[in-house]
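J.: Residues per chain, in single letters:
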Amino acid sequence: MSADVTTPAAAEPTARGRKALLEVEHVTQWFPVKSGIVIDRTVANVHAVDDVSFTLTEGETLGLVGESGCGKTTLSRTVLKLLNPTTGTLRFDGRDITKANRRGMRPVRREMQMVFQDPFASLNPRKRVGQILQTPLKQRGVAKDQLQKDAADLLDRVGLRREHVNRFPHEFSGGQRQRIGIARALAMQPKLIVLDEPVSALDVSIQAQIINLLEELQDGLGLTYLFVAHDLSVVRHVSDRIAVMYLGKIMELSPAEELYDKPIHPYTQALLSAIPVPDPRENRARERIVVSGEPPNPINPPPGCVFNTRCPRATDVCRTVIPPLTEYANGHQAACHHPLNVTAEEIATSIRSDASPKLAGDVVPDLVPAGVTAGS
Amino acid sequence: MGRFIVRRIIGMILVMFAVSILTFLIFQVIPNGDPAVRMAGKNSTPTQIAAIRDTWHFNDPIYEQYVYTMKQVFTGSLISYSDQTNVWQEIKKGLPRTFALGIGAAIIWMVLGVSLGLYSAVRSGGFSDRLLTVLALIGVSMPVFWVGALMSYYLGYKFGWFPNGGYTEIAQGGFGQWIYHLILPWTALAILFVGVYSRILRSNILDTINDDYVRTARAKGISERQVLIRHVLRNSLIPIITLWGLDFGLVIGGGAVLTESVFNLQGVGQYFAEAIGRLDVPPVLEVTILGAFFIVLLNTVVDIVYALLDPRIRLGS
Amino acid sequence: MTEPILVIDHLKVDFQTDEGTVHAVDDVSLSLAPGEVLAIVGESGSGKSVTAMSLLGLNRGPNARFTGTAMYKGTELLSASNDDLRKIRGAEIAMIFQDPMTSLNPVQRIGDQIAEQILAHEKLSKAQVRDRVVELMERVGIPRAAERARSYPHEFSGGMRQRVMIALALSCSPNVLIADEPTTALDVTIQAQILERIKDLKEETGTAIILVTHDLGVVADIADRIAVMYGGRIVEQGTVDEIFYDPQHPYTWGLLGSITRVDRPRGERLPSIAGLPPSLLDPPAGCHFRARCPHEFPKCLEVPPLEDRGCGHADRCWLTVEEKRAKREVRPGEIGLANKEEVAPV
Numbered sequence: 001m002s003a004d005v006t007t008p009a010a011a012e013p014t015a016r017g018r019k020a021l022l023e024v025e026h027v028t029q030w031f032p033v034k035s036g037i038v039i040d041r042t043v044a045n046v047h048a049v050d051d052v053s054f055t056l057t058e059g060e061t062l063g064l065v066g067e068s069g070c071g072k073t074t075l076s077r078t079v080l081k082l083l084n085p086t087t088g089t090l091r092f093d094g095r096d097i098t099k100a101n102r103r104g105m106r107p108v109r110r111e112m113q114m115v116f117q118d119p120f121a122s123l124n125p126r127k128r129v130g131q132i133l134q135t136p137l138k139q140r141g142v143a144k145d146q147l148q149k150d151a152a153d154l155l156d157r158v159g160l161r162r163e164h165v166n167r168f169p170h171e172f173s174g175g176q177r178q179r180i181g182i183a184r185a186l187a188m189q190p191k192l193i194v195l196d197e198p199v200s201a202l203d204v205s206i207q208a209q210i211i212n213l214l215e216e217l218q219d220g221l222g223l224t225y226l227f228v229a230h231d232l233s234v235v236r237h238v239s240d241r242i243a244v245m246y247l248g249k250i251m252e253l254s255p256a257e258e259l260y261d262k263p264i265h266p267y268t269q270a271l272l273s274a275i276p277v278p279d280p281r282e283n284r285a286r287e288r289i290v291v292s293g294e295p296p297n298p299i300n301p302p303p304g305c306v307f308n309t310r311c312p313r314a315t316d317v318c319r320t321v322i323p324p325l326t327e328y329a330n331g332h333q334a335a336c337h338h339p340l341n342v343t344a345e346e347i348a349t350s351i352r353s354d355a356s357p358k359l360a361g362d363v364v365p366d367l368v369p370a371g372v373t374a375g376s
Numbered sequence: 001m002g003r004f005i006v007r008r009i010i011g012m013i014l015v016m017f018a019v020s021i022l023t024f025l026i027f028q029v030i031p032n033g034d035p036a037v038r039m040a041g042k043n044s045t046p047t048q049i050a051a052i053r054d055t056w057h058f059n060d061p062i063y064e065q066y067v068y069t070m071k072q073v074f075t076g077s078l079i080s081y082s083d084q085t086n087v088w089q090e091i092k093k094g095l096p097r098t099f100a101l102g103i104g105a106a107i108i109w110m111v112l113g114v115s116l117g118l119y120s121a122v123r124s125g126g127f128s129d130r131l132l133t134v135l136a137l138i139g140v141s142m143p144v145f146w147v148g149a150l151m152s153y154y155l156g157y158k159f160g161w162f163p164n165g166g167y168t169e170i171a172q173g174g175f176g177q178w179i180y181h182l183i184l185p186w187t188a189l190a191i192l193f194v195g196v197y198s199r200i201l202r203s204n205i206l207d208t209i210n211d212d213y214v215r216t217a218r219a220k221g222i223s224e225r226q227v228l229i230r231h232v233l234r235n236s237l238i239p240i241i242t243l244w245g246l247d248f249g250l251v252i253g254g255g256a257v258l259t260e261s262v263f264n265l266q267g268v269g270q271y272f273a274e275a276i277g278r279l280d281v282p283p284v285l286e287v288t289i290l291g292a293f294f295i296v297l298l299n300t301v302v303d304i305v306y307a308l309l310d311p312r313i314r315l316g317s
Numbered sequence: 001m002t003e004p005i006l007v008i009d010h011l012k013v014d015f016q017t018d019e020g021t022v023h024a025v026d027d028v029s030l031s032l033a034p035g036e037v038l039a040i041v042g043e044s045g046s047g048k049s050v051t052a053m054s055l056l057g058l059n060r061g062p063n064a065r066f067t068g069t070a071m072y073k074g075t076e077l078l079s080a081s082n083d084d085l086r087k088i089r090g091a092e093i094a095m096i097f098q099d100p101m102t103s104l105n106p107v108q109r110i111g112d113q114i115a116e117q118i119l120a121h122e123k124l125s126k127a128q129v130r131d132r133v134v135e136l137m138e139r140v141g142i143p144r145a146a147e148r149a150r151s152y153p154h155e156f157s158g159g160m161r162q163r164v165m166i167a168l169a170l171s172c173s174p175n176v177l178i179a180d181e182p183t184t185a186l187d188v189t190i191q192a193q194i195l196e197r198i199k200d201l202k203e204e205t206g207t208a209i210i211l212v213t214h215d216l217g218v219v220a221d222i223a224d225r226i227a228v229m230y231g232g233r234i235v236e237q238g239t240v241d242e243i244f245y246d247p248q249h250p251y252t253w254g255l256l257g258s259i260t261r262v263d264r265p266r267g268e269r270l271p272s273i274a275g276l277p278p279s280l281l282d283p284p285a286g287c288h289f290r291a292r293c294p295h296e297f298p299k300c301l302e303v304p305p306l307e308d309r310g311c312g313h314a315d316r317c318w319l320t321v322e323e324k325r326a327k328r329e330v331r332p333g334e335i336g337l338a339n340k341e342e343v344a345p346v
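Chains A, B and C supply the protein sequences, listed in that same order.
With the first letter of the first sequence counted as 1, position 72 gets the number 72 in the working numbering; the numbers rise by one all the way through.
With the first letter of the second sequence counted as 1, position 94 gets the number 94 in the working numbering; the numbers rise by one all the way through.
With the first letter of the third sequence counted as 1, position 133 gets the number 133 in the working numbering; the numbers rise by one all the way through.
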């Protein structure tokens with residue numbers, strides 16, 4: 001394959017008729033663990049991302065959720081080609097960018113931007129906001145006499161004052177700095193923005209401001225978001241679909257609302273159940289499922305379903321066979337042998353998703369795990 | 001740990017090999033005149049010079065010369081060009097003096113550096129802290145040869161409080177005389193390091209004192225003194241101790257050349273300096289290799305000690 | 001009502017900085033009954049952590065000034081000598097901090113760090129201390145405790161380290177436990193485990209807990225009473241049910257309205273509180289929430305008193321009870337604060 005980006009093929013329209021912007025197919029990201037006396041050999045691999053597939057359609061927001069160490073951050077960096085995938089294929093706007101080198105990436109780079117968690121660490125403290133915004137504008141080829149105006153327009157757009165161009169990052173609060181980070185990403189006129197925990201460092205009342213801003217921008221500019229977060233309650237508001245990751249794998253991928261009403265994977269249910277509800281009476285009435293234990297080591301993931309060591313519904317098949325991603329109605333996918341909240345008919349009409357890991361077994365989910373009481 | 005040591009020994013051999021080749025080549029390349037001509041003396045015939053060339057293997061191909069020289073280095077049979085003495089015997093005479101200077105100075109600078117650094121940090125912002133900052137700055141900016149010469153002139157020659165250079169062995173003059181002769185060189189060599197160490201320790205302590213685990217320690221109800229010693233000082237000293245090992249290796253490995261020369265201690269460093277003055281390649285070569293050996297050795301020791309002091313460091317990977 | 005174990009009266013904390021005086025805590029009065037969980041809720045810079053730290057004198061320093069009183073069993077904590085305070089720290093009042101990754105000394109064994117606290121307050125033999133350490137670690141749910149006591153912090157996960165912090169805090173059976181954002185740095189499934197553990201231990205030991213947090217979900221899960229702080233002041237305090245179902249202060253309304261909930265359908269737009277918290281360097285006159293409050297009126301230029309409407313439910317707002325009832329439209333997660341026209345934050 002050539003080092004450059006191949007010419008855009010007609011991007012395959014998705015089921016909803018909209019164009020696929022980013023296609024991730026069986027992407028794996030392994031980090032080698034090296035050891036040796038004189039020459040290092042690879043003795044093991046950290047399975048940070050393990051055979052993940054999903055498609056991001058133009059204008060949608062995909063929430064990517066999981067606990068620390070689940071591989072969501074690695075995946076978001078791989079998608080942007082800040083890391084080269086170990087195996088798998090990445091397509092952006094119909095072009096295969098898997099093998100593209102720096103030069104080949106240049107035209108694509110502009111169209112995918114990132115907003116980081118810590119707005120302070122990602123802004124150069126010695127540069128004025130105007131300069132911070134003008135750098136990407138220049139890269140995009142904006143005329144010199146336009147730079148000032150464009151930078152001020154960007155500030156307007158993200159809800160800051162035009163006259164703030166002459167201030168330094170430290171003169172802003174956390175929420176305002178995140179607005180600057182968003183403005184910087186917008187300066188490149190991207191199609192895709194990867195938001196890496198954009199509100200985790202902010203106070204609750206400020207979080208809501210930033211999330212509302214992101215939604216406005218999406219509506220106004222037709223942006224596509226990959227929203228990475230550890231918190232299911234935050235992604236809910238922005239996402240059209242949500243993918244739940246655990247130990248490098250996608251456990252469940254669902255239309256956003258359905259994930260909360262009808263979680264299919266026990267891990268998703270455990271995550272939802274773990275979030276304390278800000279309502280004392282309901283909290284007292286609610287029976288919570290507290291999952292015991294901690295995520296296993298990604299150097300040596302358990303065989304079968306990676307969640308089997310902590311899952312209350314795990315049976316023998318879970319400990320041996322990697323579950324395929326099964327697609328139920330509404331494009332709701334889950335990788336579980338013993339799914340929750342689905343009927344026997346739904347299972348009968350389900351299909352094995354193409355996004356299933358290559359090593360997944362060829363088994364159909366069954367409803368009640370033998371010997372285990374469902375919904376314990 | 002075992003694997004780490006094996007790795008480091010292999011590394012050491014490689015480094016020494018590279019150092020030996022580099023030093024050997026440097027003296028082949030720099031214009032240092034023909035050693036055969038120098039050895040033959042003023043009234044020599046071409047035949048004599050040719051004979052010398054022959055016996056000293058100067059006509060051999062360069063790689064053969066290298067192998068021949070290294071064999072001599074490692075069997076301790078390398079002979080100086082200028083006075084035909086055995087280089088290893090000369091170095092052996094100088095080593096105790098160099099060690100006496102280096103070890104004594106290292107102890108002084110560590111003890112003073114740590115006490116002043118701790119004092120400075122505890123009194124941070126106060127008058128004594130600021131005074132110590134200025135003093136440390138002065139200490140760091142004074143070159144050893146200048147301080148040494150100054151001390152030697154005033155305290156040694158002019159006021160006669162201390163001997164005017166020279167070294168006395170313990171066996172000869174007793175312990176008192178030994179220390180008496182070394183006080184000035186120790187001080188001159190340690191001044192720079194005291195300044196540096198006290199500054200580094202001070203800033204380490206001031207960083208550590210705000211760490212979360214120090215707050216945890218305070219919340220336990222132990223005394224402020226225990227917080228300071230068990231948590232703040234202990235953790236701040238880890239980088240200092242490693243630095244100390246590295247600096248000690250440097251001093252032993254040739255960093256004390258100036259001090260030895262100023263105070264006429266007749267150590268390895270001074271031997272080295274004099275050999276350079278005579279363009280006498282064999283001593284320079286052997287001392288350089290020996291110096292490299294000490295530096296690499298101390299580096300390894302430091303890495304091991306660091307891993308023992310800080311369990312987060314894992315050796316071997 | 002039982003006699004409170006800890007009474008904070010008119011606590012004020014000021015810090016001198018290069019830019020001026022930061023009024024971190026301004027006139028805070030609180031009391032804590034034995035065995036109860038009091039949550040201090042607020043955003044960053046609201047003064048909630050400073051209040052907690054002041055009780056143990058952990059933020060004492062040449063630039064800090066404390067006024068008011070904090071009485072614990074006959075000892076006034078704010079003016080107590082370091083030596084007197086030392087005897088209370090760890091033994092009577094213990095603390096758990098937010099970040100378990102940095103709160104333990106990285107170069108000391110876990111067991112030694114727990115033992116250090118025990119030995120600071122009790123004379124025990126080596127073997128006795130070792131047994132106690134293992135027992136404590138088992139109690140907080142650390143598997144293979146005897147072996148793990150010899151490990152270093154970096155060999156533990158975040159959740160396990162927070163368990164160590166809890167074991168440390170409980171090692172001398174304190175009467176009061178101050179937990180400063182104890183689960184904020186943890187993943188939700190681990191947070192749930194830690195909260196369950198704290199609840200169990202509270203039942204077993206009867207320790208009173210001051211929980212400092214910004215997370216209303218955690219508060220709803222574990223607290224008995226709540227004090228809401230804003231801009232260094234308590235703006236409202238009452239029982240959990242009073243705060244959640246009958247909130248009186250507009251800030252509390254906004255706070256409850258802006259939480260996202262996973263168990264309710266999502267609304268169109270996330271309700272948010274416009275603007276930013278006040279600067280504590282130069283706080284505005286009158287009510288600190290005035291600038292962001294949709295119901296501001298001229299009277300707000302005077303500082304409202306923390307007025308008790310009966311039974312301990314108090315708030316700091318000039319609106320009358322009737323006015324509040326009319327203006328309030330909040331139930332957690334359902335109705336948002338009627339926003340002021342959202343202005344660009346200054």
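Mixed in with the good hints there might be a few duds.
Which stretches of chain B does chain C cover? Using the computed rule of at least three CB atoms under 8 Å from a CB of chain C, they are [to be verified]:
no.: 1; segment: 149-157
no.: 2; segment: 208-216
no.: 3; segment: 299-311
To be clear, the hints were calculated from the coordinates, so they are not data collected in a lab.
Note that the Cβ used here is the ideal one computed from N, Cα and C, for glycine as well.
J.: Decide, hint by hint, whether the structure agrees.
T.: We went through each hint and held it up to the structure:
1. Figure legend: the segment 149-157 of chain B, annotated as covered by chain C; annotation inconsistent (0 residues with Cβ-Cβ distances under 8 Å, at least 3 required).
2. Check on the segment 208-216 of chain B: 5 of its residues sit with their Cβ under 8 Å from a Cβ of chain C, so the three-residue criterion for coverage holds.
3. Closer than 8 Å: that is the beta-carbon criterion, and the segment 299-311 of chain B has 3 residues meeting it against chain C, so the requirement of 3 holds.
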